[in-house]
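Peer 1: These are the residues of each chain, in order.
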Amino acid sequence: MLADAQTKFKNLVWPHEENPRERLLLDPIPQEEMNQIMLKPMLSASPAYWLVVAILAAIVAVCIFGVWAYQIRWGMGIDGTRRPVGWGIFISTFVFWIGISHSGTFVSAILRVFNAEFRRPITRAAELMVTISLACGGLFPVVHLGRMWVVYFMVPMPNQRQLWPNLQSALVWDLLAITTYLISSTIYVYLPMIPDLAMARDHTTGWRHALYKITSLGWRGAEYEFHYLHKALNIMALAIIPIMFSVHTIVAWDFAMTQQIGWSTSILGPYFVIGAIFSGVSAVITLLLVVRRTMHLEYFLRPEHFDALAKLVLIFAISWVYFFFNDFFVEWYGGEAAGHALLSFQMHGGLAPYWWAMLVLNIVIPLGTLWSKKVRSSPIALFLITIGINIGMYLERVIIVPGFLQRNRMPFNWGEYTPRLPELSIAFGTLAFFILLYMLASKIIPLIPVWEVLEGQLSHSRRRIGQTVVTSVADLE
Amino acid sequence: MPTRMTLLGLFNTTGPGHPIDYLGPVTGAMDSLRILGLREQDMALMMGVPYTSKMLGRPKIHERIPWVTLIGALIGLGTAWALTFATQFHYPIRVGGRPFWGNPTAWIPIFELTMLGLMLGTLFNFLWKCAFPSTQPQVYNPDINHGRIALEAKFDMRYEDDVQRAMLENGAEQVYEPEKKPL
Chain F
410 MLADAQTKFK
420 NLVWPHEENP
430 RERLLLDPIP
440 QEEMNQIMLK
450 PMLSASPAYW
460 LVVAILAAIV
470 AVCIFGVWAY
480 QIRWGMGIDG
490 TRRPVGWGIF
500 ISTFVFWIGI
510 SHSGTFVSAI
520 LRVFNAEFRR
530 PITRAAELMV
540 TISLACGGLF
550 PVVHLGRMWV
560 VYFMVPMPNQ
570 RQLWPNLQSA
580 LVWDLLAITT
590 YLISSTIYVY
600 LPMIPDLAMA
610 RDHTTGWRHA
620 LYKITSLGWR
630 GAEYEFHYLH
640 KALNIMALAI
650 IPIMFSVHTI
660 VAWDFAMTQQ
670 IGWSTSILGP
680 YFVIGAIFSG
690 VSAVITLLLV
700 VRRTMHLEYF
710 LRPEHFDALA
720 KLVLIFAISW
730 VYFFFNDFFV
740 EWYGGEAAGH
750 ALLSFQMHGG
760 LAPYWWAMLV
770 LNIVIPLGTL
780 WSKKVRSSPI
790 ALFLITIGIN
800 IGMYLERVII
810 VPGFLQRNRM
820 PFNWGEYTPR
830 LPELSIAFGT
840 LAFFILLYML
850 ASKIIPLIPV
860 WEVLEGQLSH
870 SRRRIGQTVV
880 TSVADLE
Chain G
224 MPTRMTLLGL
234 FNTTGPGHPI
244 DYLGPVTGAM
254 DSLRILGLRE
264 QDMALMMGVP
274 YTSKMLGRPK
284 IHERIPWVTL
294 IGALIGLGTA
304 WALTFATQFH
314 YPIRVGGRPF
324 WGNPTAWIPI
334 FELTMLGLML
344 GTLFNFLWKC
354 AFPSTQPQVY
364 NPDINHGRIA
374 LEAKFDMRYE
384 DDVQRAMLEN
394 GAEQVYEPEK
404 KPL
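Chains F and G are the protein sequences, given in the same order.
Here the first sequence is numbered in the numbering used here, starting from 410 and rising by one per residue.
Here the second sequence is numbered in the numbering used here, starting from 224 and rising by one per residue.
Quick caveat, the hints were computed from the structure, so don't treat them as lab data.
Ideal Cβ positions, reconstructed from N, Cα and C, are used throughout, including at glycine.
It is possible that part of the hints are untrue.
Unchecked claim - Quick partial rundown of chain G residues pointing at chain F, CB under 10 Å, derived from the structure:
1. 236
2. 239
3. 243
4. 260
5. 271
6. 283
7. 331
8. 332
9. 338
10. 352
11. 353
12. 382
13. 387
14. 391
15. 393
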């Protein structure tokens, strides 16, 4: 009895001191050991890995390129898009992948600007998602074009008709924004990778050594090299944030600049941006859980990182609800007949299963679970919740794009849309394409920025204040 | 006959209770070299961990304005202006109810291309400042990935023994005359 009381008292007065080794930045290990943890899964691949790669490559070959060739042969008529639904699964999936691409920039650039130290081991994996998801998303406008060989008409150069693209069109802005984002994010993922590529160069032989020798550009780890790298990253982190916001805003303007009911609203830009970050950060969690498990990166990717990311997801779930409710409520209160017809179509009509599923997956489940540290500490729970969020966000895009187009201001022009197999096949194929590219990249690119983790460990220490020990962070500059 | 030579000292950054931050030997060696008369530009460090200038007791590298970044942004801006205004003049697209040159619609390509120019300019600024890509043989020791820091000292040959002694006395594991090699 007394012992129990003493224990309680002890806990009250001297709260449990956190084990410092639970936190990556307080658990330094020798540099070479850290390098080996990163290099080992890169330099070896199990037969299971190659089997999965082969299956994914086959899916990509059949579901994307085979079906795409079939579509080119027989024309866009094999798809489900008919008047009034001109944009279907292709454009929904395009918006989805562009949304996923916001993950890396948010996790890396914004957290870098705010010196959020937990970002250090997760930035590279998230940044790589940007480039790969942009590559997946970038396929869709070309696939959707039908006659994809005239895609260069969108490029601002005089073609054989001496016709310039209309730079006042939201579609041309989209091309410019996505190209800018793709190039910028590729630079942004590449630059901080150089020291790690040099480390890989010094540990490898054969073709890998040749590859890393070229890509590390002659990096020697000199003081001035690190200085200019930091300088470049600071500029880029600040510059890429408005680029990220612009990309999804302009994607939203593809819709908002029209007279279509449900689309023509000024809130669509920020609503899309928040949705993109919401789905992107969720996708980062899903992906990091898989990377941690399959590449045995438990040293780098710890519960603290998933906990922090899950809190971000919770914040963005709340933000997304805010924008969703604004969009919904104004339409509902406004009383326009076409708007009400659209809302009714979502809530009780053909879109209802998707709409309600979206609300459950994007609102009920994340808001009902992620407040709990127990849930945020459970890899399985996080995996399922974040997968659910991305299914919900995909449904949101399907509802907004082909869903809304089925109802407009002219009831005689209403129509129905059912996606056909070629559309679903190509959309599914890009999921396999994304996983395939990521798996291949994970064998070439160090997914953890080891030098950034080391830098973080340099700046963190622990000191006693009164009855407890707290973490202190030194200013590195 | 060359009068200057280079020595490379390797220092361990792992010490008792310091898995990665044991910088006493290398900073001590640099102090000793300064006493011998070596200037800051005569000493260079190579490392696998980005120790800051303050940690190393070195003067901070100053760069007032990243000029190439600014030039890149200006090129992007100019390209965007040319695309939005000059091409409209070259090939007029007249849309009813819309201005011939619409400023608000021009802001978007201008923003995107300026930012693209800025990003590319930042990349080129970095490559230029670091003289990348470098294919020339260079002084290097891959042990910087194994918890070592390399101190490269350039000095008059007459001081070879003094420099070597200064490094060894401060805890250098190895001091040698490096050979430039392809990385």
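Peer 1: Determine which of the earlier numbered hints do not hold for this structure and return their numbers in increasing order.
Peer 2: Going through the list in order, the structure violates hints 2, 4, 12, 13, 14 and 15 and respects the others.
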